[in-house]
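The opening residue of the sequence shown carries number 1 in my numbering; numbering runs sequentially from there.
Bear in mind the hints are in silico, worked out from the structure with no lab data behind them. Mixed in with the good hints, there may be bad ones.
[Stated by the list, open to error] Within a straight-line C-alpha distance of at most 30 Å, the following computed DSS-like cross-link-like pairs (lysine-lysine) qualify: (1) 122 with 172; (2) 131 with 106; (3) 122 with 133.
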Amino acid sequence: MDTTSNRSAFLREPITAGQKLSVGDEVLLEGPQLHQLCFRQVRGGEAFTLRDAEGRYFRARVSEYVPNGARCAVFETLAASPEPEVSITLLQAIPARERMFWIIEKATELGVDCIIPAFTCKSVQPDLVHKEKPHRWEHVALRAVRQCRRARVPEVHQPISLAEALELQAWKNAEMKWLLAGPGKHPPAHHPSISTAAIAVGPEGGWTEEEEDLLMRSGAVPVSLTGRILRAETAAVVGIAAMLMLYGDLHICSAQTDAQHRLFNHGFSPPTPPDSEAPEPKRRNHRWAPEE
1 MDTTSNRSAF LREPITAGQK LSVGDEVLLE GPQLHQLCFR QVRGGEAFTL
51 RDAEGRYFRA RVSEYVPNGA RCAVFETLAA SPEPEVSITL LQAIPARERM
101 FWIIEKATEL GVDCIIPAFT CKSVQPDLVH KEKPHRWEHV ALRAVRQCRR
151 ARVPEVHQPI SLAEALELQA WKNAEMKWLL AGPGKHPPAH HPSISTAAIA
201 VGPEGGWTEE EEDLLMRSGA VPVSLTGRIL RAETAAVVGI AAMLMLYGDL
251 HICSAQTDAQ HRLFNHGFSP PTPPDSEAPE PKRRNHRWAP EE
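Work the whole structure out from these sequences, hints included.
Now the structure itself:
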């Protein structure tokens, strides 16, 4: 990796203070941390997520910018890490009508680390991609990072061919790769202890046979998440959420018992507890139940 790539990767990492922090502390960010703050376009008076020397996360506000530094006030402790337990790469065939903006925003909010927009046979083509305003995609990710309190900024690649996308380290190094192939494929299997994963989402009209073959040769496993046909942007969000539920930090129904989870998975609901001893009200005004 060259010097430019190293600097870009560092700028996306969490802003880390060189000391232990607690609410009420003031900290001066200088040098590399100041560059990270400026990369995120955090203005005076705005809040951002800050990590201390012990790896805990806080919310801090820029009190003022001073020569060669920024004075920041720590005002909140984050109970949990704002970054998911698994690093996810999204390989997304570029959809038309600027829907890539929405996909990047939601993928960032969900915790994706790398977004690879790719040209496919049925996606937006290179001669028309300028209409999708790719020069603004990184700004969309930065804005989403500030909104959802993330500590890390995802890398948004410039549009490339599918073959080039499959040669990127973010894709090649993923321990689990999903190819969203529509209805008819097997549901995803759970593999514990996954720290890196990738998901490939096709364009309107789906993948061609040649593209599916290319993806599978790169290690992708065809999966179905539903029996319905999803739009490209819907499939991206559903696929990322499914990965986070299996490998990451997206949890639902935490108060339910394991038995109830099994019932939910088979379309059943737990029994409703009985109400008070009050008699059930009589049904009236129904054609099949005449008035008394």
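Hints versus structure:
1. With a CA separation close to 23 Å, the supplied pair residue 122 and residue 172 stays within the 30 Å bound.
2. A distance of roughly 21 Å separates the Cα atoms of residue 131 and residue 106; the hinted pair therefore holds under the 30 Å criterion.
3. The straight-line distance between the Cα atoms of residue 122 and residue 133 is roughly 19 Å, inside the 30 Å bound, and the hint therefore holds.
Going down the numbered hints, you'll see the structure goes against none, and every one checks out.
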